[in-house]
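*Asks:* Chains as they are written, first to last, in my numbering: chain S, 118 to 296; chain D, 91 to 283.
Do not rely on the hints blindly, as some may be mistaken.
Among the chain S residues that face chain D by a calculated CB cut under 7 Å, a handful are [what the hints assert, rightly or not]: (1) 172; (2) 173; (3) 175; (4) 184; (5) 192; (6) 221.
No lab work stands behind these hints: they were computed from the structure.
Even glycine gets a Cβ: it sits at the ideal position worked out from N, Cα and C.
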Amino acid sequence: MECNQARPLIPSYLDGELSEARAAPLRRHLLDCQPCRAGAQGEKNLKRWFAAGVPVEVPKGFAARVARRAFAGDTGEAVVEIVPAVGAALGARPLPVRGEDRLLRFVLQATAAAALVVIALSVALRSLSLPSGTSLQAADSRNEISVDRALERLDQLNRQEARGDRTHPETTPVKGRRP
Amino acid sequence: MEPAQAEDENLVQETLAGGQTSFQLLVERYQDRIFALARHYTRNPVEVEDLVQDTFLKAFSHLDTFQGQSSFFTWLYRIAVNTILDGMKRRGRSPVRAVEDPEALATPGPTRMSGPSADMEREEIARITHAVLAELPEIFRAVLVMREFEELSYQQMADVLQISIGTVESRLFRARAKFKDKLLQRHPEFGQE
Numbered sequence: 118m119e120c121n122q123a124r125p126l127i128p129s130y131l132d133g134e135l136s137e138a139r140a141a142p143l144r145r146h147l148l149d150c151q152p153c154r155a156g157a158q159g160e161k162n163l164k165r166w167f168a169a170g171v172p173v174e175v176p177k178g179f180a181a182r183v184a185r186r187a188f189a190g191d192t193g194e195a196v197v198e199i200v201p202a203v204g205a206a207l208g209a210r211p212l213p214v215r216g217e218d219r220l221l222r223f224v225l226q227a228t229a230a231a232a233l234v235v236i237a238l239s240v241a242l243r244s245l246s247l248p249s250g251t252s253l254q255a256a257d258s259r260n261e262i263s264v265d266r267a268l269e270r271l272d273q274l275n276r277q278e279a280r281g282d283r284t285h286p287e288t289t290p291v292k293g294r295r296p
Numbered sequence: 091m092e093p094a095q096a097e098d099e100n101l102v103q104e105t106l107a108g109g110q111t112s113f114q115l116l117v118e119r120y121q122d123r124i125f126a127l128a129r130h131y132t133r134n135p136v137e138v139e140d141l142v143q144d145t146f147l148k149a150f151s152h153l154d155t156f157q158g159q160s161s162f163f164t165w166l167y168r169i170a171v172n173t174i175l176d177g178m179k180r181r182g183r184s185p186v187r188a189v190e191d192p193e194a195l196a197t198p199g200p201t202r203m204s205g206p207s208a209d210m211e212r213e214e215i216a217r218i219t220h221a222v223l224a225e226l227p228e229i230f231r232a233v234l235v236m237r238e239f240e241e242l243s244y245q246q247m248a249d250v251l252q253i254s255i256g257t258v259e260s261r262l263f264r265a266r267a268k269f270k271d272k273l274l275q276r277h278p279e280f281g282q283e
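Using the sequences and the hints, build the whole thing.
*Replies:* Here it is, written out as structure tokens:
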């Protein structure tokens with residue numbers, strides 16, 4: 118056996134996966150070939166990196182929980198949660214919340230909360246832009262007059278109009294505004 | 091058929107007949123190994139539990155397709171590998187890092203490596219090993235995990251991955267060479283001339 122034939126077989130040999138028919142010539146080669154023996158030692162060294170497995174902790178009651186869910190109809194593939202009211206009408210029970218369901222629920226709740234904030238802000242902004250108090254403010258001129266004064270002026274205009282007095286500059290009727 | 095395998099098949103039949111306790115026993119038999127497998131892909135305990143749970147729930151929902159041609163463990167392990175890889179992709183953490191021809195055989199370089207030094211803590215060795223594994227293309231990581239940690243035989247690996255034993259052999263050979271290269275890139279102090 119040549120080195121280039123022996124080298125690829127060494128890992129399988131160390132794994133105990135070579136048939137005797139393939140292992141025997143490799144063993145003979147390793148006895149005669151120092152570089153391939155060193156290669157075999159390197160493979161053994163490599164395996165030592167995998168010897169330090171981390172102990173696994175299975176959550177308590179895991180098997181019972183999974184069995185319950187399996188018999189409750191959870192297939193491990195559905196993400197959609199049955200809405201209780203609709204589910205009850207269909208005779209189905211709501212599925213317990215899984216990891217993905219929890220994420221979906223969180224996203225939906227966050228979206229709903231964001232929508233509520235936007236609505237609240239828009240109402241607040243609208244109330245700020247509406248006139249309030251006892252004064253009126255013209256948006257274009259920013260001249261402020263009191264409500265009482267405005268009503269008095271309107272009465273005055275109405276009286277003048279009723280008298281047919283159209284000479285006063287302030288009495289020029291505005292189209293479409295006449296009662 | 092081995093006794094353990096016969097017991098598995100009995101439990102499968104009892105589960106299919108409506109035995110919840112039998113399914114629970116099946117889960118208890120293999121939960122450690124599936125948890126160990128999932129932990130090689132994510133260290134987040136919640137994700138690990140979700141992935142293992144999904145594996146068993148999928149196995150249950152497809153239990154009637156288990157034909158007994160391979161062992162129940164091999165059948166379950168195949169579901170686990172697919173569930174874990176799908177789950178990682180869904181979470182946006184695709185473990186596939188590189189596109190390579192996994193069957194292309196390359197002779198490893200002449201550099202040899204030493205094992206972990208005697209004074210290294212177990213956790214430190216595990217941390218380095220997992221960091222290196224995380225850099226490997228999934229196709230190589232899977233075979234190393236199955237062989238080195240789970241100690242699956244070549245035949246079991248071939249059944250799980252649905253490839254030939256020769257392909258398992260060549261893929262493992264290449265995976266080990268890759269692991270060695272990556273480890274020496276990160277830790278040249280473990281190289282030997």
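*Asks:* Now look at each hint and say whether the structure bears it out.
*Replies:* Quick rundown of the hints versus the structure:
1. 172: Given a least distance of 9 Å, the restraint on residue 172(S) is violated.
2. 173: holds (5 Å)
3. 175: Holds, about 5 Å.
4. 184: holds (4 Å)
5. 192: Status holds, d = 4 Å.
6. 221: Violated, about 12 Å.
Of the hints listed earlier, those the structure fails to meet are numbers 1 and 6, in rising order.
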